[in-house]
Amino acid sequence: MALTVYSLWHREIVRFLRDRSRVFSSVGQPILFWLLFAGALRRSEMPGGLSYGEYFFAGTLAMIVMFTAIFSTITVIEDRKEGFLQGVLVSPVPRAAIALGKISGTATLAVLHALLFLALAPLAGVPLGLDAFVAGLGVLVLMALALAGVGFSLAWVMDSSAGFHGVMMVFLMPMLLLSGAFFPAEGTHPVLGVLMAVNPLTYAVSLLRHALYAGTAATAELPSVALCLAVTLAFAFGTFALGTRIVLRRTARDAI
Amino acid sequence: MSNPTECAVHAEGVAHRYGDKEALAGVDFSVARGERRGFLGPNGSGKSTLFKLLATILPLRAGRVTVLGSDLAQDYAAVRRRIGVVFQSPALDRKLSVRENLVYGGHLQGMRGRSLDARVDEMLSIGNLADRARDVVGTLSGGLRRRVEIAKGLLHAPDLVLLDEPSTGLDPAARQDLWAFLRAQTGLTVLFTTHLMDEAEEADRLTILDGGKVVAEGAPDELRAGLGGEVLQIHCADAAALAPEVDALLGVRSQVLSGVVRVEHDHAHRLVAQVVDRFGERLQRVSVAPPSLEDVFIARTGHRLGEEI
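Protein sequence lines, in the order shown, are assigned to chains A and B. Final position of the first sequence in our numbering is 518; the numbers increase by one with none missing. Final position of the second sequence in our numbering is 311; the numbers increase by one with none missing.
Just so you know, the hints here were simulated from the structure itself, not pulled from any lab data. For every residue, glycine included, the Cβ atom is placed at its ideal position computed from N, Cα and C. Any given hint could turn out to be false.
[As the list claims (entries may be wrong)] For lysine to any residue, the following SDA-like pairs were computed, each having C-alpha atoms within a straight-line distance of at most 25 Å:
(1) B:Lys97 / A:Ser366
(2) A:Lys343 / B:Ala120
(3) A:Lys343 / B:Pro44
(4) B:Lys97 / A:Arg511
(5) B:Lys97 / B:Leu62
(6) B:Lys23 / A:His451
(7) B:Lys215 / B:Ala120
(8) B:Lys23 / A:Met420
[Claimed, not checked] Residues of chain A placed beyond 10 Å of chain B at every Cβ, according to the derived structure:
(9) His272
(10) Phe333
(11) Gly345
(12) Leu347
(13) Ser353
(14) Ala503
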């Protein structure tokens with residue numbers, strides 16, 4: 263089991279190192295978004311007196327994690343039908359190892375991508391001490407595991423990449439938009455407020471803000487650290503459990 | 003052969019449906035240990051579904067199959083440890099090198115360390131891939147990729163290997179190399195699907211499938227001998243019109259398949275002169291040959307192997 267997980271994880275890392283153009287799609291686009299939004303909304307004042315660029319910094323990290331999770335897990339669809347995963351499915355490895363290997367590999371890449379942007383924090387006007395860096399890294403790991411689990415579970419039940427793109431537009435993008443990554447819940451339409459409150463990603467993004475802006479007014483309106491941590495942990499373990507469960511199903515559809 | 007535990011594979015009443023579509027409608031067969039068994043049939047005959055059931059990709063829902071003494075439905079984990087599977091679309095990571103693919107494949111079979119490295123070297127050498135070990139799979143030709151896939155399928159020294167359309171994308175020389183390699187693996191039971199006549203000749207025994215059912219089974223020579231005689235084929239512009247005239251002239255029952263009038267007859271070569279004398283200019287080509295496996299297929303199903311059904 264450990265060998266399989268390691269092997270599948272390692273394969274993700276090696277693939278990433280071979281195909282560095284993926285860094286641009288996963289990190290370049292969010293950075294571009296950050297530059298555009300920070301430039302366009304520079305007069306907006308965000309909670310705690312942050313500039314929009316400072317506020318959106320945490321949101322951009324969440325976006326990088328989500329994009330990496332999507333780009334990495336979408337490969338499951340083709341890989342399972344006509345690639346490497348076909349062979350994995352007929353080998354004697356425990357199916358949970360497949361989920362664990364892919365999710366942990368994807369999460370590792372997502373955290374590495376996010377770290378590239380996190381290193382730019384001083385340039386973005388976000389002061390980052392060692393405490394904040396370590397805490398932020400911990401939150402990114404949980405967020406990456408959760409979103410990799412979401413991506414993996416969705417990809418496994420999809421028949422085509424086109425279907426995954428559809429789900430991405432109607433489910434994953436709204437999930438990111440309504441997580442507090444782009445705008446805070448205060449002052450939004452009540453319906454949006456409710457959607458944001460039930461979105462588990464809201465708590466992961468809030469936890470990231472708690473880590474990066476600890477002790478400042480920017481965290482005053484956020485849910486408590488304890489609540490954010492509890493929901494984020496449940497999100498990460500829940501999606502991993504879901505991914506494992508889905509892989510364990512051996513359906514007649516598997517082969518079409 | 004009748005004792006399921008002595009055969010490599012023993013299948014009874016295997017059926018499978020995709021929703022409303024019946025892919026396999028009750029298939030029985032037995033494969034002896036060390037045998038090379040081909041499953042010949044057109045697209046839609048059910049051979050790919052049978053491959054997926056035997057490879058444990060699809061769950062067996064109807065019928066009973068024993069593979070190397072293990073029950074396929076109950077104990078597919080045991081089956082997975084002892085079989086090698088070679089997919090039509092190679093189960094390789096195109097971004098990784100040949101060697102990396104084999105090493106990862108070995109990990110999935112629980113192999114590791116020096117013994118895995120040694121086995122990978124051995125398979126690279128057997129598969130004539132040693133000088134390609136560091137090449138990225140995505141840069142290889144289809145034939146080379148298939149060889150890597152086969153090396154991966156045999157890495158853990160399985161007792162039985164399943165190959166889905168093994169010659170797809172291979173040129174004739176690569177196809178010959180592949181079968182020479184498989185024939186050299188003594189004691190290995192080989193099950194393969196194919197829709198190609200010349201590949202079917204590689205089988206010790208063939209199971210011919212059509213419409214989800216077994217329509218014939220036997221050694222290729224046996225199957226051809228069962229037809230007896232010769233086959234007369236008349237190529238002409240108006241086969242449908244010519245056929246009844248041919249029947250009247252020769253006192254036979256001909257078939258029209260793909261615009262060709264076909265006559266099976268013990269001494270078909272003696273009929274050629276009569277046909278040419280009578281129909282002369284209406285003919286394009288007349289040929290006589292001993293029955294081929296395709297003729298066996300036509301005799302059992304009434305249509306050609308290449309025709310979509």
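> Can you name, in rising order, the numbers of the hints this structure does not satisfy?
Replying inline: 2, 4, 5, 6, 7, 9, 11, 12, 13
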